[in-house]
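Take these sequences, add in the hints, and give me the full structure.
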Amino acid sequence: MIGLLAGVTSYIFAGILSLLFSRYRYWFSLLGWLGASSGLAWSVILFRDSGPVISSLGSWGKLGIDIKIDETTLLFASLVVALNLFTLLYLRGRREGTFYALYNFLLTSVYSVAFAHDLFNLYVTIEFMSLVAILLIGYERKAYQIYAGAKYLLISSLAMSLYLIGLGLVYRVGGYLRIGELARSLEGNTGFSLTLGLGLMVAGLAVKGGIFLFSMWLPDAHSYSETVVSALLSGMAIKSGLIGIIRLSELVDWGQLLLVLGAVTGIMGALFALMSDRPKKVLAYSTISQVGYILLGIGTGTSAGILAASLHLLFHGLFKALLFLSVGAAGVGGKDISGAEDLSLPFTSKAGLLVGSLSIMAIPPFNKYFSKALLAEQVNQEWVWLVMLAMGLGTAMYTLKLNWALIVESRTEEFSKNDPSVGAFTVAVALSGFVAWVMLGTTNTVHLFALNHLAVYISIPLVGGLVLLGFGKRFSELSPPSFPFKLDNAMISLFFGFVLIEIILLIV
Amino acid sequence: MEMDNFSFSVKKTFTVIIVSLFGGLTISAVFLGRSPDTARIGRLYLERGFELENISNTVFGVYGMFRFYDTLLELMIFSTAVLGITIFSDLEPSTRTRGEQMIESHVVTASASFLYPIMAVFGLYLAFSAHLGPGGGFAAGVIGGSGILFLALSKGAEEMGRRFNEHTMKRVEYIALVFAMLAMVLGILFPKLIFEDLQGIGVIIVVNMAIGLKVFIGTWAILHFFVKHRGEV
Amino acid sequence: MSNFAATITIIIVVVGAIGLILKKNLLMKLLSLSIVNTATILFFVLVVYRPGDRAPIGPETVSQYADPLPQALVLTSIVINFGVLALSLLFTMVLVKRYHTLDLGKIEKFVKEEFEEEKS
Numbered sequence: 001m002i003g004l005l006a007g008v009t010s011y012i013f014a015g016i017l018s019l020l021f022s023r024y025r026y027w028f029s030l031l032g033w034l035g036a037s038s039g040l041a042w043s044v045i046l047f048r049d050s051g052p053v054i055s056s057l058g059s060w061g062k063l064g065i066d067i068k069i070d071e072t073t074l075l076f077a078s079l080v081v082a083l084n085l086f087t088l089l090y091l092r093g094r095r096e097g098t099f100y101a102l103y104n105f106l107l108t109s110v111y112s113v114a115f116a117h118d119l120f121n122l123y124v125t126i127e128f129m130s131l132v133a134i135l136l137i138g139y140e141r142k143a144y145q146i147y148a149g150a151k152y153l154l155i156s157s158l159a160m161s162l163y164l165i166g167l168g169l170v171y172r173v174g175g176y177l178r179i180g181e182l183a184r185s186l187e188g189n190t191g192f193s194l195t196l197g198l199g200l201m202v203a204g205l206a207v208k209g210g211i212f213l214f215s216m217w218l219p220d221a222h223s224y225s226e227t228v229v230s231a232l233l234s235g236m237a238i239k240s241g242l243i244g245i246i247r248l249s250e251l252v253d254w255g256q257l258l259l260v261l262g263a264v265t266g267i268m269g270a271l272f273a274l275m276s277d278r279p280k281k282v283l284a285y286s287t288i289s290q291v292g293y294i295l296l297g298i299g300t301g302t303s304a305g306i307l308a309a310s311l312h313l314l315f316h317g318l319f320k321a322l323l324f325l326s327v328g329a330a331g332v333g334g335k336d337i338s339g340a341e342d343l344s345l346p347f348t349s350k351a352g353l354l355v356g357s358l359s360i361m362a363i364p365p366f367n368k369y370f371s372k373a374l375l376a377e378q379v380n381q382e383w384v385w386l387v388m389l390a391m392g393l394g395t396a397m398y399t400l401k402l403n404w405a406l407i408v409e410s411r412t413e414e415f416s417k418n419d420p421s422v423g424a425f426t427v428a429v430a431l432s433g434f435v436a437w438v439m440l441g442t443t444n445t446v447h448l449f450a451l452n453h454l455a456v457y458i459s460i461p462l463v464g465g466l467v468l469l470g471f472g473k474r475f476s477e478l479s480p481p482s483f484p485f486k487l488d489n490a491m492i493s494l495f496f497g498f499v500l501i502e503i504i505l506l507i508v
Numbered sequence: 509m510e511m512d513n514f515s516f517s518v519k520k521t522f523t524v525i526i527v528s529l530f531g532g533l534t535i536s537a538v539f540l541g542r543s544p545d546t547a548r549i550g551r552l553y554l555e556r557g558f559e560l561e562n563i564s565n566t567v568f569g570v571y572g573m574f575r576f577y578d579t580l581l582e583l584m585i586f587s588t589a590v591l592g593i594t595i596f597s598d599l600e601p602s603t604r605t606r607g608e609q610m611i612e613s614h615v616v617t618a619s620a621s622f623l624y625p626i627m628a629v630f631g632l633y634l635a636f637s638a639h640l641g642p643g644g645g646f647a648a649g650v651i652g653g654s655g656i657l658f659l660a661l662s663k664g665a666e667e668m669g670r671r672f673n674e675h676t677m678k679r680v681e682y683i684a685l686v687f688a689m690l691a692m693v694l695g696i697l698f699p700k701l702i703f704e705d706l707q708g709i710g711v712i713i714v715v716n717m718a719i720g721l722k723v724f725i726g727t728w729a730i731l732h733f734f735v736k737h738r739g740e741v
Numbered sequence: 742m743s744n745f746a747a748t749i750t751i752i753i754v755v756v757g758a759i760g761l762i763l764k765k766n767l768l769m770k771l772l773s774l775s776i777v778n779t780a781t782i783l784f785f786v787l788v789v790y791r792p793g794d795r796a797p798i799g800p801e802t803v804s805q806y807a808d809p810l811p812q813a814l815v816l817t818s819i820v821i822n823f824g825v826l827a828l829s830l831l832f833t834m835v836l837v838k839r840y841h842t843l844d845l846g847k848i849e850k851f852v853k854e855e856f857e858e859e860k861s
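Each protein sequence line maps, in turn, to chains X, G and P. The first sequence begins at 1 in our numbering and counts up by one. The second sequence begins at 509 in our numbering and counts up by one. The third sequence begins at 742 in our numbering and counts up by one.
These aren't lab readings, by the way, just hints derived from the structure by calculation. Built from N, CA and C at the ideal position, the CB exists for glycine as well. Careful, some of the hints might be misleading.
[Said to hold, decoys possible] Taking CB as the label site, the calculated pair distances span: (1) X/Leu462 x P/Gly760: 48 to 58 Å; (2) P/Ile819 x G/Val518: 30 to 40 Å; (3) P/Glu857 x G/His614: 48 to 58 Å.
Given below as structure tokens:
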């Protein structure tokens with residue numbers, strides 16, 4: 001409880017104070033970070049002493065709002081705190097007071113999503129997140145940013161209406177809003193009304209969470225907005241929808257649903273990323289693709305699978321933010337990479353791109369290897385295995401394509417253009433793999449470093465590189481279709497996705 | 509052009525089918541679900557709410573005490589919307605306008621000056637008596653804000669905009685927000701002290717006034733922004 | 742009885758959603774979104790409502806009170822919808838000031854052209 005309050009109040013105060021006294025905005029934000037990280041430290045100590053805790057805000061007991069501290073909470077909250085630190089270093093006092101206010105409000109919302117264990121509290125925090133996010137997307141007032149923001153706003157408002165309808169149905173059957181109590185009250189209940197209500201809620205959260213068919217607003221919003229905002233949105237804002245899905249999975253056994261959604265999301269995202277030719281667009285589609293892994297992790301239904309999903313959530317946030325920041329620090333985010341000979345990047349950006357790419361391809365000592373290997377352990381269906389291989393191959397291909405253009409073909413900028421904050425972030429991401437190593441313990445990691453594992457994970461990028469050498473030209477001629485991402489079609493695909501969810505839940 | 513029409517009719521048919529499928533599924537879920545009886549947590553709220561001596565409006569008990577954290581986040585959402593409007597408040601007025609600048613109406617002009625005090629008093633009453641009956645800070649603020657809009661329609665938006673110093677308004681707004689925040693933190697950390705030992709009512713009224721003040725200023729900021737830019741194309 | 746009322750609200754949601762998707766005018770889209778949101782709020786209250794429920798105000802000796810929770814939650818989501826409406830109107834206004842049209846198809850075309858121009 002103290003952990004949540006410390007974070008939320010210090011972020012809100014940092015936001016308000018940087019509006020009122022905008023001269024000291026940077027210092028207020030640093031203080032906000034200090035408060036949130038001490039709140040996180042408090043929660044970590046609490047978790048270490050007594051395991052997962054569910055407590056009620058205030059002493060209202062059953063009547064209050066529940067918060068939960070478990071691995072998912074801690075991993076997500078540490079992602080928030082880490083991204084907060086590195087984006088603050090990257091900003092270095094640039095931008096005005098209102099930007100810092102919005103920035104701190106965004107952090108408030110995602111920090112409180114991490115702890116939420118109450119269905120309506122989830123709704124409020126996620127709605128808060130998306131309202132702040134659209135203001136940040138449109139902050140520079142370019143027309144395309146405003147359009148991307150308006151698209152996000154309309155679709156997400158519609159989605160949250162679906163969530164509320166679903167919540168009404170679930171509340172009528174279950175009679176509680178606190179997830180712990182609701183799970184007990186719904187035990188063994190598989191009525192149609194409940195299934196439909198939960199399906200509506202998942203559809204609503206999927207729009208926020210970057211799932212294919214639902215989040216068609218994502219590529220525009222994440223590639224049109226400015227770099228820090230893209231990094232924050234891709235790194236942590238969309239994760240709040242996924243946290244919601246993780247919490248909902250305490251209520252119900254999804255069966256094949258999340259596996260199917262994860263497979264579709266992962267493969268389509270990788271395919272579109274391979275076809276696009278601007279670094280930020282590639283990274284935005286890659287976000288969709290990486291969400292697929294998280295869904296697969298939740299879909300396995302085991303607690304280790306959910307741990308793998310949460311780990312992947314943290315690691316994806318770190319390396320995706322690093323990739324965005326290194327592309328953005330060099331100012332090449334919107335450039336066409338087919339003419340990469342004319343571009344020049346500073347050394348820190350190249351190093352950041354390299355480390356981020358090694359992570360995203362799951363090369364062994366880097367962070368994503370641990371989450372992906374842990375996930376692969378939990379998968380016991382053959383088709384999911386094949387899907388994961390295909391996703392790995394796609395990831396390797398678009399990453400290698402991006403790296404070839406931006407690291408090898410482009411020129412290196414002179415020394416003074418180097419960005420120390422990107423350098424520091426690079427080192428942190430490179431070391432985060434070892435944190436996972438320590439966390440998972442020796443027995444697990446010895447197992448993960450077995451020879452057959454290593455062989456698979458190293459050979460995927462090799463095969464990807466070979467395919468790219470053979471068919472690279474073919475892919476660069478294609479470009480991702482634009483019609484599914486238009487406002488109207490995105491909304492149609494939301495309803496289509498919902499009907500699909502219901503078919504999978506009811507029939508399969 | 510023909511191709512466009514064709515694809516639009518396909519889109520139309522597909523949309524109607526898909527959205528109606530959604531509607532049909534949801535309606536059947538409504539009928540197939542259990543017929544409603546007061547849900548278990550709802551009954552608890554009623555029992556506990558009626559035990560509290562000074563709070564006869566149970567709905568207020570829910571959003572003002574038991575779930576005040578949600579209400580605070582809701583206040584933050586409202587502040588974010590207002591902040592968004594103030595960020596864009598330096599938008600240049602467009603040169604192209606359409607229609608009348610201001611619709612002159614004798615009814616509005618004549619009635620505004622004596623209706624506004626009534627609206628203001630009603631807003632205050634709602635903020636004071638939320639624990640006894642329908643009302644609350646949000647409703648009070650919105651009523652006060654739209655009352656000012658009423659006044660602005662009769663006196664001219666620019667005149668009203670000058671009368672309210674933007675800078676001071678902003679300070680007052682955020683100080684009210686800070687106040688509500690502090691109340692939440694104290695209410696969560698020491699609920700016994702705040703809501704029972706102090707009899708609660710004083711604290712609740714002050715918090716409601718703070719929320720009301722904040723929402724009042726926010727509503728006025730939003731409405732003033734849109735009134736200022738009316739008629740632009 | 743309340744089931745029929747809830748059915749009507751769902752029909753309104755469907756009508757609003759179809760309008761939201763098929764109308765080309767941005768302002769009409771916002772109006773449809775508003776209809777969807779309002780109908781959702783109505784649905785949330787009606788779906789747990791029983792005929793004959795009294796407003797949960799004042800401890801009187803009446804056996805049947807309405808569930809206070811949905812009503813409290815709905816207050817929150819009304820405010821959220823107000824915020825969404827204000828911001829979407831703001832964004833629409835900025836787009837209209839830029840392009841002098843409300844037609845979404847035209848706006849999408851202009852936006853794409855402008856982006857390509859700026860980034861090339």
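(message) Please check whether glutamate 857 of chain P and histidine 614 of chain G have a Cβ separation lying inside 48 to 58 Å.
(response) holds (53 Å)
(message) Given a hint of 48 to 58 Å, does the C-beta separation of leucine 462 of chain X and glycine 760 of chain P actually sit inside it?
(response) Holds: the Cβ-Cβ distance is about 53 Å, inside 48 to 58 Å.
(request) For isoleucine 819 of chain P and valine 518 of chain G, compare the CB-CB distance with the range 30 to 40 Å and indicate the outcome. (result) holds (37 Å)
The earlier numbered hints are all upheld by this structure, with none contradicted.
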